[in-house]
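Order-wise, the sequence lines are chains A and B.
Number 55 in full-length UniProt numbering belongs to position 55 of the first sequence; there are no gaps in the numbering.
Number 131 in full-length UniProt numbering belongs to position 131 of the second sequence; there are no gaps in the numbering.
Since the hints were derived computationally from the structure, they do not count as laboratory data.
Keep in mind the model is a prediction, meaning the values are calculated, not measured.
Treat each hint with caution, since some may be false.
What the hints assert, rightly or not - In silico DSS-like cross-links for lysine-lysine, where the CA-CA straight-line distance does not exceed 30 Å:
#1 A:80 to B:429
#2 B:446 to B:459
#3 B:428 to A:80
#4 B:102 to B:292
#5 B:446 to B:428
Unchecked claim - Quick look at which bits of chain B chain A covers, simulated, 3 or more residues with Cβ under 8 Å:
#6 174 to 188
#7 404 to 416
#8 444 to 454
We put the CB at the ideal spot given by N, CA and C, even for glycine.
Here is what each chain is made of, one letter per residue.
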Amino acid sequence: MISRFHAELATAAATAAFGLVIAVGATEFGIGWGGAGPEPGTFPFYIGLLITAASLGTLAQSAVQRGTLGQVFLTAGQVKSIIRFVLPFVAFVAVSVFLGLYVATALYMFGTLALQRHYRWPTAAAIALGLPLFLYLVLEWAFQVSLMKGPLEAALGL
Amino acid sequence: MDGLNALIHGFTVALTTYHIALMIAGVLLGILVGVLPGLGAPNGVSLLLPLTFTMDPVAAIILLTSIYWGALFGGSTTSILFNIPGEPSSVATTFDGYPMAKRGEATAALSYAFLSAGFGALLGIILITTLSGSVARFAMRFSSPEFFAVYFLAFASFVGLGNASPLKTIISIGIGFSLAAMGMDSVSGSLRLTFGLDQLIAGVSFLVAVIGLFGIGELIVTVEEGTKLNGIRARVSLRDVLRTAATLPRYWVALIRSGLVGIWMGITPGGPTAASFMSYGLARRFSPNRDKLGTGEPEGIISPETADHAAGTSAMLPMLALGVPGSATAAVMLGGLMIWGLNPGPMLFVERPDFVWGLIASMYLSNIVAVVLVLATVPAFAAILRIPFAIVGPAIIVICFVGAYTVASRPFDLWLVLAFGVVGYLFKKLDYPIAPLVLAMVIGDKAEDAFRQSLIMSKGSLAIFWSNPLVATLMVVGLVLLAWPVIGRLLGQVLAAPRPDPQAPR
Numbered sequence: 001m002i003s004r005f006h007a008e009l010a011t012a013a014a015t016a017a018f019g020l021v022i023a024v025g026a027t028e029f030g031i032g033w034g035g036a037g038p039e040p041g042t043f044p045f046y047i048g049l050l051i052t053a054a055s056l057g058t059l060a061q062s063a064v065q066r067g068t069l070g071q072v073f074l075t076a077g078q079v080k081s082i083i084r085f086v087l088p089f090v091a092f093v094a095v096s097v098f099l100g101l102y103v104a105t106a107l108y109m110f111g112t113l114a115l116q117r118h119y120r121w122p123t124a125a126a127i128a129l130g131l132p133l134f135l136y137l138v139l140e141w142a143f144q145v146s147l148m149k150g151p152l153e154a155a156l157g158l
Numbered sequence: 001m002d003g004l005n006a007l008i009h010g011f012t013v014a015l016t017t018y019h020i021a022l023m024i025a026g027v028l029l030g031i032l033v034g035v036l037p038g039l040g041a042p043n044g045v046s047l048l049l050p051l052t053f054t055m056d057p058v059a060a061i062i063l064l065t066s067i068y069w070g071a072l073f074g075g076s077t078t079s080i081l082f083n084i085p086g087e088p089s090s091v092a093t094t095f096d097g098y099p100m101a102k103r104g105e106a107t108a109a110l111s112y113a114f115l116s117a118g119f120g121a122l123l124g125i126i127l128i129t130t131l132s133g134s135v136a137r138f139a140m141r142f143s144s145p146e147f148f149a150v151y152f153l154a155f156a157s158f159v160g161l162g163n164a165s166p167l168k169t170i171i172s173i174g175i176g177f178s179l180a181a182m183g184m185d186s187v188s189g190s191l192r193l194t195f196g197l198d199q200l201i202a203g204v205s206f207l208v209a210v211i212g213l214f215g216i217g218e219l220i221v222t223v224e225e226g227t228k229l230n231g232i233r234a235r236v237s238l239r240d241v242l243r244t245a246a247t248l249p250r251y252w253v254a255l256i257r258s259g260l261v262g263i264w265m266g267i268t269p270g271g272p273t274a275a276s277f278m279s280y281g282l283a284r285r286f287s288p289n290r291d292k293l294g295t296g297e298p299e300g301i302i303s304p305e306t307a308d309h310a311a312g313t314s315a316m317l318p319m320l321a322l323g324v325p326g327s328a329t330a331a332v333m334l335g336g337l338m339i340w341g342l343n344p345g346p347m348l349f350v351e352r353p354d355f356v357w358g359l360i361a362s363m364y365l366s367n368i369v370a371v372v373l374v375l376a377t378v379p380a381f382a383a384i385l386r387i388p389f390a391i392v393g394p395a396i397i398v399i400c401f402v403g404a405y406t407v408a409s410r411p412f413d414l415w416l417v418l419a420f421g422v423v424g425y426l427f428k429k430l431d432y433p434i435a436p437l438v439l440a441m442v443i444g445d446k447a448e449d450a451f452r453q454s455l456i457m458s459k460g461s462l463a464i465f466w467s468n469p470l471v472a473t474l475m476v477v478g479l480v481l482l483a484w485p486v487i488g489r490l491l492g493q494v495l496a497a498p499r500p501d502p503q504a505p506r
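Please model the entire structure based on the sequences and the hints provided.
Right, here's the structure in full:
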């Protein structure tokens, strides 16, 4: 179980770190007054500082309101259902980089429907093949937009 | 060209078979986008934007705005029939829409929603027709400091008038600006904030961010909450629609009040979601039937729906006339305009009157098309919702990633979508507003350019932002809005303080 208080703290700490990274990164490009006006790093530098300051403010606010932020942010069951939903599409992204988006789509749809949701294999296979086919017809055929392809498409000469 | 002639010219541009067909296709796609949980209007418009890159800008904007109108209508269908808002701006519609449908009055609930939404949209479009030309002419006097002041005002109103914590809103805006700053600096041409990653040289596309933040983030929220669809079957008969329409004038106070709230929230960047909640809140306070609100009262449907659509349409006014969008979806469209090579803002009225007035005319037509189509297709879209989420959820995931890839054909964007999805989920759960982040990403470069050019003009002196009454007024209003959370609290305390009793013994 994760409490709202801890979630608030972790997120504010992450945004503060993001702000610092931007501010420090911006110093590389100059944050003063150059020959052609403000140097390129000036605006992002102050924005980075602003994010960090607002994040520290949020951290302080969360600490003050700790008593009212004790409610549950995520239960163990919710964490489990999120992981069950998110992990397959993280794998989908990883696979699509190597095998292309069409094959990855078919594998992802089949995997989630047949293995995770226990759909009958013929139904899962029909949906898993139908969606990439639909995407191919709409994108490549109707709108001439090309999707990332992999070795299978190369072998088929597509 | 005066307003009426310009509008007539706009109708000649919009009223072609091709454009009407695009309106119908756009509205239907929009209803689908609005109906499916996890696919909102900003995300739907982002997904389809890359497909319009090869289209003529007038046709492209007609398609995209029609998707927007359709999505606003589609969100209400699921709110009423399934108690699940398809769009965040339709949440308030569930409070009375679902109870009314459960009572067996689904047709009346849907008719109230769509007809009042149509009325709200019409108010917004009339406002745009009458005011956009004058606002644009006024904005012709603007130079860099005034433009920066307008951008400042837009962001300050998010901080001061938004529902979220002001600090969280500032963080959201700052992240948007930082992401906009990555890649090529438009003034010096140097590369910034790429952290040694070649993939960041071209910067981070706002479309990829929108797809992750709104699409993936919303889906994770949906999964976490556990989607349970308890749908009500609805068949819409023309006679019932007409009977409901005849009772609508009875609620004229709610219609006008909500329309005005929507228009205000659309022009200031409060957006449709804030408008619908505010309007529902006002109905709870001022309606003669306020005690019955929440039990299936027509006014509880009419108020949020009118405000939602009035805000959605009015958000196009600052986008067209000033180049400052009033909602997340309008921000995505503004990004589209820039990608199509148009220059949003007052000059657009001079350079491309056919585009501006064609768009305004199409807004009249496509909203009529939307009301008719949404009433006609309720049973079909309700049937789509009966497809299990186990199938729809992964299919939407695929569409989001595919859509993100089509933006620039970069595999790296798929990873970015993942990252933005996690951020979107956390931000939604912790009440960080996402719309200001998107707005900052889209107009970040323009705001920074205006700021830098102003400083170049003044040789580094910030006094340029007080150098004439116009820019000074805009800056003062912006600063008041920025400080409004503190000023409002102080005012509240002063007004609530007990007055000293003159009779009291000293």
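So, going through the hints one by one against the coordinates:
| no. | hint | result |
| --- | --- | --- |
| 1 | A:80 to B:429 | holds, 17 Å |
| 2 | B:446 to B:459 | holds, 20 Å |
| 3 | B:428 to A:80 | holds, 19 Å |
| 4 | B:102 to B:292 | holds, 16 Å |
| 5 | B:446 to B:428 | holds, 27 Å |
| 6 | 174 to 188 | holds (count 8) |
| 7 | 404 to 416 | holds (count 6) |
| 8 | 444 to 454 | holds (count 4) |
Consistency note: the structure conflicts with none of the earlier hints.
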